[in-house]
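A.B. asks: Given these sequences and hints, build the entire structure.
Residue numbers (this note's numbering), protein chains in the order written: chain Y, 1 to 155; chain G, 1001 to 1252; chain Z, 2001 to 2409.
Simulated from the structure, these hints should not be mistaken for laboratory data. All C-beta atoms, glycine included, are put in the ideal place defined by N, C-alpha and C. Incorrect hints may have been included.
[As the list claims (entries may be wrong)] Here are the computed distance ranges between Cβ atoms for each label pair:
hint	chain 1	residue 1	chain 2	residue 2	range
1	Z	F2006	Y	A122	26 to 36 Å
2	Z	A2018	Y	A122	39 to 49 Å
3	Y	F63	Z	D2192	48 to 58 Å
4	Z	M2360	Y	G52	44 to 54 Å
5	G	A1239	Z	S2345	20 to 30 Å
6	Z	L2384	Y	P45	44 to 54 Å
[To be verified] In the SDA-like style, the derived pairs of lysine to any residue whose C-alpha atoms are separated by at most 25 Å in a straight line are:
hint	chain 1	residue 1	chain 2	residue 2
7	G	K1134	Z	L2336
8	Y	K134	G	G1085
9	Y	K73	Z	T2122
10	Z	K2262	G	G1085
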Amino acid sequence: MRSKQKSSMFACRCLHSNAGKGILLLAAVLLSSGAVSAADATRVPKPVLEAGQGEKCVENTEFMRKNHMELLKHQRDETMHQGIRTRKYSLNGCIECHASRKTNSVVGSEQNFCQSCHSYVAVKLDCFECHSSKPKPPAHKLTGAVQRSARQDVK
Amino acid sequence: MNEPERSQDQPEAMSRRQFIGWGAATAAGIAIAPGVTLFDLAHGRPAEQAATNKVRWGMLIDTNQCTAGCNDCVTACNTENHLSGGLKETDSQWIRKIELKDLRSSKAHSLPMMCQHCEHPPCVDVCPTGASFKRADGIVLVDRHICIGCRYCMMACPYKARSFVHEDVTGQNPDVPRGKGCVESCTLCVHRIDRDQKPACVEACSTAGRNAMIFGDLNDPQSEISKRVATYATTQVRADLGLNVAVRYQGI
Amino acid sequence: MASIAFREIEGHSRGYYALLGAVGAITLAGLASAYYMEHHGHVVTGMTNQIVWGIPHVFAVFLIVAASGVLNVASIASVFGKTFYKPLAPLSGLLAIAMLAGGLMVLMLDLGRADRMIIAMTYYNFKSIFALNVFLYTGFFTIVGIYLWTMMERGMNRYSGAAGFVAFIWRLLLTTGTGSIFGFLVARQAYDSALLAPMFIVMSFSYGLAVYILVLIASYHWTGRSLDDAVIGRLKKLLIVFVAAALYFVAVHHLTNLYVAKQLDFEKFILVTGGVYPLLFWVGQVALGSLVPIAILAHPGLGRARAWVCLAALLVVLGALAQMYVTIIGGQAYPLQLFPGMQVSSTFFDGVVHPYAPSMPEIFLGLGGVAVAAVIVLIAIKLLRFLPERLDTRESGQLPANQHNEAAA
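C.D. replies: In structure tokens:
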């Protein structure tokens, strides 16, 4: 919402210098933005999330809302390039907890964890073009070094 | 190249703090007495520890033990990495069996061919974004997050080891992300190595009782692979290029 | 030379809009093809894991090579001081920018992840010639842009020589970069040669000049402006030299390879047994693309007729596309030799010649690059003063006096 205001202010300033045409466009911008904010409450439904399967998230909700992408990106580079496979901030860890109880996935339906928010804020989500959106089946339970650290994470 | 900068950002600090919080014992051990833990690195590296160049993963393929018609390594690779196993010209093949016949002596060989995990990989040299890279322990990988799908690495690879993902992929192994528009190749099952397991192909080969593929640390003189390489004559494919590959062949 | 008047073309005729509409439609078809390829993946193209670069790259590399070459006309004026060529320089710069833009568009839209252009701009591996090319290309746009500004803005005219010099050096670097894309491929028998960089430079001279001649004659013909035979005469002689020089490099490249035992099989493939590739090489590139144009241009009668000059230039362009096809696709069609002296077979097409059949979308994507270049030129010459009002002996008065200088160029 804040960014929307900012962008229309910016548009006004730009158009200001362009006399006649500018005023017309300005009116159009104001009109359309007014229409959007009036309809706002009804047009875009708030995301409906299924609760995660674990007890609580690795960080508090406010922090995760703002920073989950940074955590994931950081972990992504560490895992990819250095082979660091701690589970706390790993995408697979997120998916295991947040996969829907109904569909076993974090995307695919508007109620699914990742998709519901991302479609609400209209941010493209392309993790799952490559990554599995479903948790690893329990039969493949991790062994060895990674499992050791998984135990540490739980604590 | 961008690594050091990337690891300076805010969440890094967070994760480090968290780490020390809950991984105290291990972390302290590593910090205080690196020398003591060095030997263990190759054998069960902890999840929070980066891969190191003390190790160089490699493979020795004994072509005398490898039989024409046996495809176990290929099947195991497809299963582990959720490849379709299709044989179209556009399908990915991370490992393939090559049948050879010497034109003069008529001697036949059969062997698996895959990414040779070069010390000086041409794919890494030509990659414009740095998506092709070599990990500290010698594994050559594609970072799909920054691969733009230009396919220059496929032009550069002498072993035809790389495939381009021509179609949408679904049902990936959570440990092996794959998707349309990027180049991919054998990862030496890096996700398994990181949890102290052998590559799927090697495991399948020994399960079948052939033991034609030996996996291990070329830097550790005590490893089976190092002993074999020290004892027998082994070949690097396209040795003329001087790439010092990590996959060696015995018997051709 | 100050008497030369540059003028926008009127661009209101039915022919202008028909041409603009036609190239615009091809551009749209190219963009639609790119979207189609992006949506479905490269499975809808003829490209495979064996032929990884296809028709789009044939067009893209041609456009990029020709883009640097077409700037030569301007360089002859500013770097080599031939004032005769000065009125021809702005069009030369415009074509260079337009063709590079067309070529790059094709390259980018063919990427597996074209949506990640920002990554190509922010992550660099400086050992990669591709990464260096990103800088060479953007630098070329900037430098040629400034060069055009110094030529077309009266107050900036005095910097035109310096800008032209920098542009000339830059275009040599750029084509070196393009040739090295292939020259640095140590693994493949078709490439892996330092000769490719200078060879691409000489090829660019010939491709670029052929395009320039075609555009010049067409635009003067269609706008009814007067174009003196002396102008065509000089460009024509230059084209003979460039086409012959390019052919010379091709001959040296193949002769060297024929002397190297391990290259013999590949040479046999590309020159004799490889089916479409030897055909395109001998008939397309050598005969129709080089020898016939030289014969036409050197012919005392035909060489004077503008239609024949056009035909010769067109043949050079088609020969260039044939050469790109043989180089890029023929080079990949021949299997990699992993085990010399052994017969090999596998499920991954080891040891067999790889077939390639381009699909319509990728052909349209390639043509789209050419069309984009045409759209840019058509709009630019209408909006800005790129073309001299007339190019005849009255305007270029010192023409006869200058003629003895010209042989050096």
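A.B. asks: Now tell me if each hint is right for this structure.
C.D. replies: Each hint tested on the structure:
1. Z:F2006 to Y:A122: 26 to 36 Å: Between F2006 of chain Z and A122 of chain Y, where Cβ atoms are some 48 Å apart, the hint is violated.
2. Z:A2018 to Y:A122: 39 to 49 Å: 42 Å, holds
3. Y:F63 to Z:D2192: 48 to 58 Å: The hint (48 to 58 Å, Cβ to Cβ) holds, given that F63 of chain Y and D2192 of chain Z are roughly 53 Å apart.
4. Z:M2360 to Y:G52: 44 to 54 Å: For M2360 of chain Z and G52 of chain Y the Cβ distance comes to about 48 Å; the hint holds.
5. G:A1239 to Z:S2345: 20 to 30 Å: 22 Å, holds
6. Z:L2384 to Y:P45: 44 to 54 Å: Once the Cβ atoms are compared, 52 Å apart, the range 44 to 54 Å for P45 of chain Y and L2384 of chain Z holds.
7. G:K1134 to Z:L2336: 23 Å, holds
8. Y:K134 to G:G1085: 22 Å, holds
9. Y:K73 to Z:T2122: Holds, at about 16 Å.
10. Z:K2262 to G:G1085: Not satisfied, since the Cα-Cα distance of roughly 34 Å exceeds 25 Å.
Hints 1 and 10, counting from the list given before, are not met by this structure.
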